[in-house]
Amino acid sequence: MDSYDASESTPELTPRQSASSHLKDYLIGATPLQKRLESVRKQTSFVPTPPRRKIPQCSQLQEDVDPHKVAFFLHKQWTLYSVTPLYQFSYSNLREYARLLNAFIAAEKQKGLAVEVGEDFNIKVIFSTLLGMKGTQRDPEAFLVQILSKSQMPSENREGKVLWTGWFCCIFGDSLLETVSQDFTCLPLFLANGAESNTAIIGTWFQKTFDCHFSPLAINAFNLSWMAAMWTACKMDRYMATTEFLWSVPCSPQSLDISYAIHPEDAKALWDSVHKTPGEVTQEEVDLFMDCLYSHFHRHFKIHLSATRLVRVSTSVASAHTDGKIKVSLNKSS
Amino acid sequence: MSVLKPLDKLPALNTATGLVGVGDPVSPGGPSLLGCAQAHWLRPFPIRGARYSREVGQSVGLWESVVGAVHTGQERAQTSDPPLGSSSRERTSSQLSSGCDRIPQGGVPGAGFSRGTALPRSHPSTFLPGQLVGTEDALLQQLADSMLKEDCASELRVHLAKSLPLPSNVNRPRIDLIVFVINLHSKYSLQHVQESLRHVDASFFLGRVCFLSTGAGQEHHCSIHRNTVLKLAHTYRSPLLFCDLEVEDFRATMAQRLVRMLLVCAGHVPGVSALSLLSLLRSSETPPPEEL
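Sequences listed follow chains A and B, in order.
Numbering of the first sequence is given in my numbering, commencing with residue 1 and proceeding in unit increments.
Numbering of the second sequence is given in my numbering, commencing with residue 1 and proceeding in unit increments.
For the record, the hints were derived by calculation from the structure and aren't laboratory data.
A virtual CB, placed ideally from N, CA and C, is assigned to each residue, including glycine.
One or more of the hints may lead you astray.
Said to hold, decoys possible - If you want the ones that stay clear, here's a sample from chain B, every Cβ over 10 Å from chain A, calculated: (1) 152; (2) 174; (3) 224.
Said to hold, decoys possible - Which chain B residues face chain A? A few, computed with CB under 8 Å, are given here: (4) 185; (5) 186; (6) 187; (7) 191; (8) 194; (9) 219; (10) 220; (11) 221; (12) 222; (13) 223; (14) 242.
Can you build the whole structure from these sequences, using the hints too?
Here it is, written out as structure tokens:
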């Protein structure tokens with residue numbers, strides 16, 4: 001899911017061209033592991049690379065997406081997990097999976113709770129595909145898992161309250177997709193919203209059924225600064241919230257938090273003065289943007305923010321926390 | 001003026017001096033913020049061995065704890081004299097050859113393994129959030145400790161400095177190796193290192209400078225991309241080492257490696273010079289610099 005790596009235009013030697021004839025046969029039948037080793041070798045062969053460039057593209061997302069479908073995504077805090085490829089996952093068996101997961105959840109809940117007897121565990125699990133939530137055509141389709149509470153009265157509307165939502169997606173996963181073999185579906189990002197216990201149960205079911213592994217995805221300070229710069233770069237008609245940064249000062253015994261709030265228009269003005277080429281964001285621009293904020297802060301408070309750790313970034317568009325929590329606040333029209 | 005030049009002094013017998021740990025610490029704090037403790041100013045570095053080096057005694061007045069100071073990046077920016085002088089280059093090469101004649105091959109000094117450490121400091125600090133800086137400087141001190149624990153036939157001296165230039169009024173022995181320590185968690189350390197690099201004479205970069213980056217193990221705390229540091233090391237044509245200095249075992253291994261490099265740079269290893277070591281290290285890692 002690294003759009004920056006995909007946009008590096010380094011000349012690459014295809015192994016086939018440089019190999020002798022008997023090696024050529026060997027490479028054509030290369031296993032995925034060999035392909036992966038080859039791709040890793042390509043990436044590291046030009047090691048001191050120029051500053052990384054990320055290109056914000058107009059992706060599939062904006063064309064295919066249905067606004068109502070996307071509405072579930074907004075204004076909720078999502079916890080991010082990284083998932084290994086799912087083995088023998090099929091989009092045609094979604095109803096089957098829903099049924100199995102429902103049974104599993106019921107069984108798990110029954111295991112834990114001896115007290116609440118007689119409940120029908122009126123929850124319902126729904127699996128659905130999310131069309132358009134992907135970066136390029138090659139990316140597998142995203143799918144959504146929801147746990148709804150079934151209403152007691154059948155006369156009321158059938159759809160109950162949503163208790164838990166989670167979805168898997170793959171966005172610009174080209175570098176991963178080329179090394180994944182046929183039986184695996186690569187959907188490396190999982191977003192969950194809801195009770196932690198439900199997340200754990202569902203994670204266990206997926207791990208058992210599809211032989212995958214979930215691990216919490218932490219966002220490091222480097223990526224947070226990129227997010228801050230790119231979200232500030234978004235052109236908005238109205239700014240709903242101030243742009244806020246939160247730093248954690250790594251000192252003992254007590255840890256300090258420094259919070260820095262800027263008027264969003266000022267942040268946008270700063271970004272506009274830093275940004276040079278349209279359609280492209282470079283490492284230097286991001287560094288300069290953050291350095292301006294740091295030096296302004298230093299001038300007033302004599303504190304070097306560059307020595308602290310960026311923990312949270314919050315803009316009108318979205319906010320992200322280093323523990324792997326994001327929230328998208330506003331649907332940018334167009 | 002305050003530019004470090006290698007081999008300014010004639011080399012002493014069996015002494016290898018290394019300068020470790022520039023550009024690490026962090027002091028984002030004002031006096032009102034964390035209550036600077038004056039008591040933290042003088043925290044002498046532990047001295048090992050029975051013999052104190054002469055320099056330690058002299059520079060007591062200048063001792064501020066490694067924990068000291070600040071920024072002064074602005075101040076240093078003003079003193080930007082070009083570090084390169086062509087005349088100094090000839091001088092150093094001639095001293096290099098004379099130096100090699102005087103170093104005995106693998107002898108053990110009569111006094112045994114006595115080691116001393118000195119702690120020169122560049123600028124007096126005005127305020128000190130002692131607690132804050134503790135974590136970073138602790139790493140440097142621990143690394144220096146591990147280096148000094150290594151058994152070697154020569155007397156080892158490790159200087160710690162927060163930034164260059166070092167004060168020029170202190171009598172110090174020749175410096176054989178400079179290790180710039182960059183903490184990947186803090187952009188501040190990278191900025192410090194970049195500023196300090198301007199004060200190093202160009203002849204140091206022929207194998208006497210090394211970059212050490214720490215903190216790559218905790219990826220989620222990193223605020224500097226690995227490629228940035230790689231590019232820095234590549235620009236200065238110097239080796240880059242990665243080590244998580246917080247882990248005891250890695251630190252001990254890295255200390256061994258640094259001591260070995262230091263011995264090579266000081267000329268105490270027969271048959272290997274700093275420049276040959278540099279070319280050995282370079283050929284295995286990076287593509288030729290013309291590609292950049």
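Outcome of the hint check:
| no. | hint | in the structure |
| --- | --- | --- |
| 1 | 152 | 32 Å, holds |
| 2 | 174 | 31 Å, holds |
| 3 | 224 | 7 Å, violated |
| 4 | 185 | 6 Å, holds |
| 5 | 186 | 5 Å, holds |
| 6 | 187 | 4 Å, holds |
| 7 | 191 | 6 Å, holds |
| 8 | 194 | 12 Å, violated |
| 9 | 219 | 6 Å, holds |
| 10 | 220 | 4 Å, holds |
| 11 | 221 | 6 Å, holds |
| 12 | 222 | 5 Å, holds |
| 13 | 223 | 4 Å, holds |
| 14 | 242 | 13 Å, violated |
Comparing the model with each earlier hint shows violations of hints 3, 8, 14; every other hint is respected.
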